[in-house]
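*Asks:* Sequence:
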Amino acid sequence: MTADIIAAFPKVKLMQNEPLSNYTNTKTGGKADFLAFPQNLDEVQNLVRYANDQALPVTVIGKASNLIVKDGGIRGLVMILTDMNHVEVQGNDITAESGASLIEVTKIAQNASLTGLEFAAGIPGSVGGAIFMNAGAYGGEISMVADSVTVLTPEAKLKTISRDELDFGYRHSRVQEEGDIVITAIFKLHPGNADEIQAKMDDLNARRSAKQPLDLPSCGSVFKRPTGYFAGKLIHDAGLQGYQFGGAQVSTKHAGFIVNVDHATASDYLAVIQHVQATVLANAGVHLETEVRIIGEDPVQN
Numbered sequence: 001m002t003a004d005i006i007a008a009f010p011k012v013k014l015m016q017n018e019p020l021s022n023y024t025n026t027k028t029g030g031k032a033d034f035l036a037f038p039q040n041l042d043e044v045q046n047l048v049r050y051a052n053d054q055a056l057p058v059t060v061i062g063k064a065s066n067l068i069v070k071d072g073g074i075r076g077l078v079m080i081l082t083d084m085n086h087v088e089v090q091g092n093d094i095t096a097e098s099g100a101s102l103i104e105v106t107k108i109a110q111n112a113s114l115t116g117l118e119f120a121a122g123i124p125g126s127v128g129g130a131i132f133m134n135a136g137a138y139g140g141e142i143s144m145v146a147d148s149v150t151v152l153t154p155e156a157k158l159k160t161i162s163r164d165e166l167d168f169g170y171r172h173s174r175v176q177e178e179g180d181i182v183i184t185a186i187f188k189l190h191p192g193n194a195d196e197i198q199a200k201m202d203d204l205n206a207r208r209s210a211k212q213p214l215d216l217p218s219c220g221s222v223f224k225r226p227t228g229y230f231a232g233k234l235i236h237d238a239g240l241q242g243y244q245f246g247g248a249q250v251s252t253k254h255a256g257f258i259v260n261v262d263h264a265t266a267s268d269y270l271a272v273i274q275h276v277q278a279t280v281l282a283n284a285g286v287h288l289e290t291e292v293r294i295i296g297e298d299p300v301q302n
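Counting in full-length UniProt numbering, the sequence shown runs from 1 upward without gaps.
Derived by calculation from the structure, the hints in this document are not laboratory data. Some hints here could point you the wrong way.
[To be verified] Cross-link-like lysine to aspartate or glutamate pairs, in silico, EDC-like; alpha carbons within 16 Å at most:
no.	residue 1	residue 2
1	K188	D93
2	K224	E141
3	K159	E178
4	K253	D237
5	K107	D93
6	K188	D164
7	K107	D195
8	K188	D147
9	K107	E88
Taking the hints into account, I'd like the entire structure generated from these sequences.
*Replies:* The structure is reproduced here in structure tokens:
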């Protein structure tokens, strides 16, 4: 593999062997062979075409808030789309680029007196990541407000997918299977009262701050909610709050979170996840499925 891609795109911010720990919310993760920050659709499209021609794998990460990148890093080209963050209000609809902060979109909706996105006021991901994961909180999900999504296919073709075609489910969307890159999303909202919208957002953010360890690096909610149970309660009941491996610890504030308390590695995180899964299975007979996305290569053993 060569650095020819950097020479081929002199106007794109491109780095070689860049530690992804600089960009993940856990502050962990190995190096990307190449890391790009495209600023528009043309740059994304041209990067994908180049990668296809060179047989380079392409990985897109958003704000890396619900993501663990293994310590061996990611081969090929990684793209972070946070520079593609334009948001526009048109009537009751909001069109947002993939890299826009979901929290920022909720603020724009409130300012426009549009209701429907309040549940997302504290979700720290990007629009693209929210579509990918069908992000949700406090009884709301992106599937309730997403009207359509424009994506770039692995063949670098543009395609628009309607809400019904997105196959939304619990922390799932069709995008996960297709390998598409979310470019823009349209959210269909409703007229509301700006003060009431703000009050609801403030309430949800206060509840989040009271219960979640927002002062420490984490990957957000680690496990999906098992049918009939709450992951956090299962972990708490198994006596795992405060369990620590390396620098990663099951949060003492909310058992559903794993926090970086002392220069943790991704391998530390994975060891804690595996221990929690094994202990809860033995204690309650329930397998905890990860909600957090785990990608990348295992580290090379010396």
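*Asks:* Each hint needs a verdict: does it hold in this structure or not?
*Replies:* Verification of the supplied hints:
no.	hint	result
1	K188 to D93	holds (5 Å)
2	K224 to E141	holds (14 Å)
3	K159 to E178	holds (12 Å)
4	K253 to D237	holds (14 Å)
5	K107 to D93	holds (14 Å)
6	K188 to D164	holds (14 Å)
7	K107 to D195	holds (12 Å)
8	K188 to D147	holds (6 Å)
9	K107 to E88	holds (12 Å)
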